[in-house]
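Visitor: The lines below spell out each chain.
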Amino acid sequence: MTTNSSQTASRISTFVFLVVLAVYALAIVSIGLAISFYGDQSQGSYTWIYMLGLSIVSITLATYVLLQSRRHVTTMKTAVPPQVMTTIECRKCAIKNVREFQRGDYVYKELEKCQKCDDKQIITAIYKEVKEKEKKYPF
Amino acid sequence: MNVLAVLPVLTGQLLGAGDIISQIISVVYILFFVVFIFYGQRIQMYAAIREVESSLHKLKYMREEARKTAIETIKEIGKPATDPTPRIDRYLEYFTIGPQNMDPAGIVWKLDHILDVRDARLKDEVKLMAPATDEAQVYNLENTLEAAMAINFIFKVVRHFYIQGKKTLSFYTILQLQMILPLVMKEAEAYASALKAFANGQPIGDGAGPLVAAKLMHGYEVRKVPKDCVVATVPFEGRSALVIKAEGPGGNVGKPGDAVKAVIEENEGKIAMVIMIDAGLKLEGEPVGEVAEGIGAAIGGPGVDQFKIEESIAEYHIPINAVIVKEDIGDAVSPMRKEIADSVDKVLERVKSVVLERTKEGDKVIIVGVGNTIGVGQ
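Chains as they are written, first to last, in the numbering used here: chain H, 1 to 139; chain Y, 1 to 378.
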């Protein structure tokens, strides 16, 4: 029905954004520490690996949260509706035409005469075509 | 989990090293647990509140769009002399009080009367708002306003529980709201797409029944029956079919209960079978437009018409069959999908086989196409 979302709805939460920023900052500090521990082996041989691992996990999680928030914002936008079509038929000549719906159309409305014969054309169907999403379930 | 497993080892190693940073990390680590032990539920509640808030933003936007569409459509079709906005705003706040049910005997007739009064009142309001409209347009505008009214109501109810939950900081109020929110949003979205269909007079998924009836009665003489319905006598597989539907092409469901009763009484109860065709809610996983067959009065709404049909058929011991076209709530109130339009022939095949198997040649059968006949003539 609509193509846009409201302005308030399209923002990513400031709180979430700040938390993500803080995590990114801490991860960068952690990477720095990992580098320094790598240089100074007296801190224990594996400390720098833990530090690096921790920062990678933090960055991954923060990025995931950020992407999830963006995806959520995307789903807030309502989809553009598919076009509604009108099928017009001449029963005598079996000619079928499909055009866009116009206000005032209704099923079994009689329209102007057929170009080939004198019979009046009628609207036989009004419908929209929806593309089915790919099934995600095995059943 | 990885982080939690790594942290104690890491802090232990760092503490061993006596580093100030390792001590800070250790304190943060302990604080993290303390906070989650004491404030875990509250954090979860704030997350739920945020989710409800974002849905509320969407509902608010839908409500504003619905109101705008209703105003624009009334101005465009109805050509009112004055601005209809204040009257529309008043219309959106209308309510209906159901009958008292402490003594339920006779409640159907009371409910029927209240629904009649409501219907007449709303139609009068539309006529006042949009004087330059014919009857079909009045029905369409009434449907448009009712869809806007439904979205407005959904928004206000969700907002009510959101504010109440926030005020009382009740975890369970917010949690209940969050749990039902996907279904509520689905319904609101269905009404939002219905609004455009009603404003333009397009057939909706719920019109599957009237569409089948219209296909049967097209080209035959049609007469009006109470209330807001039409009937045509159609030869059908050597039987005589009395085909009933709401009068189209305006957005109208009519009162099939009264129509069936009137037709049965006209024929002094000599009806071999009643077949009802309606749109039925599908379960997830079922395809849209699938046709199913069963027994009973296939009709939704507040139950008044179902009650009347059951009364009439029980009085004359008439068997009743139902054929439904499966669709979900969104499909039922949005412009008709091709799958539903294409199911008409499948429904007719089912009706034909039921009639051939269960009635004799020369019998009279009633075929009722139940649903909103918007965009479907006869």
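Among the hints, erroneous ones may be present.
[As the list claims (entries may be wrong)] The calculated lysine-lysine pairs, modelled on DSS-like cross-linking and capped at a C-alpha distance of 27 Å, are:
(1) Y/K364 <-> H/K120
(2) Y/K123 <-> H/K109
(3) H/K92 <-> Y/K352
(4) Y/K60 <-> Y/K186
(5) Y/K123 <-> Y/K79
(6) H/K109 <-> Y/K352
(7) Y/K364 <-> Y/K224
(8) Y/K123 <-> H/K135
[What the hints assert, rightly or not] If you anchor each label on the Cβ, the simulated ranges turn out as follows:
(9) H/R91 <-> Y/A120: 31 to 41 Å
(10) Y/K68 <-> H/E132: 39 to 49 Å
(11) Y/K110 <-> H/C93: 40 to 50 Å
(12) H/K131 <-> Y/K270: 31 to 41 Å
(13) H/N97 <-> Y/E266: 35 to 45 Å
(14) Y/K166 <-> H/S36: 41 to 51 Å
(15) Y/K68 <-> H/A25: 55 to 65 Å
Keep in mind that the hints were calculated from the coordinates and are not lab data.
Cβ coordinates follow ideal geometry from the N, Cα and C atoms, glycine included.
Visitor: Which of the listed hints are not met by the structure?
Guide: Violated: hints 1, 8, 10, 11, 12, 15.
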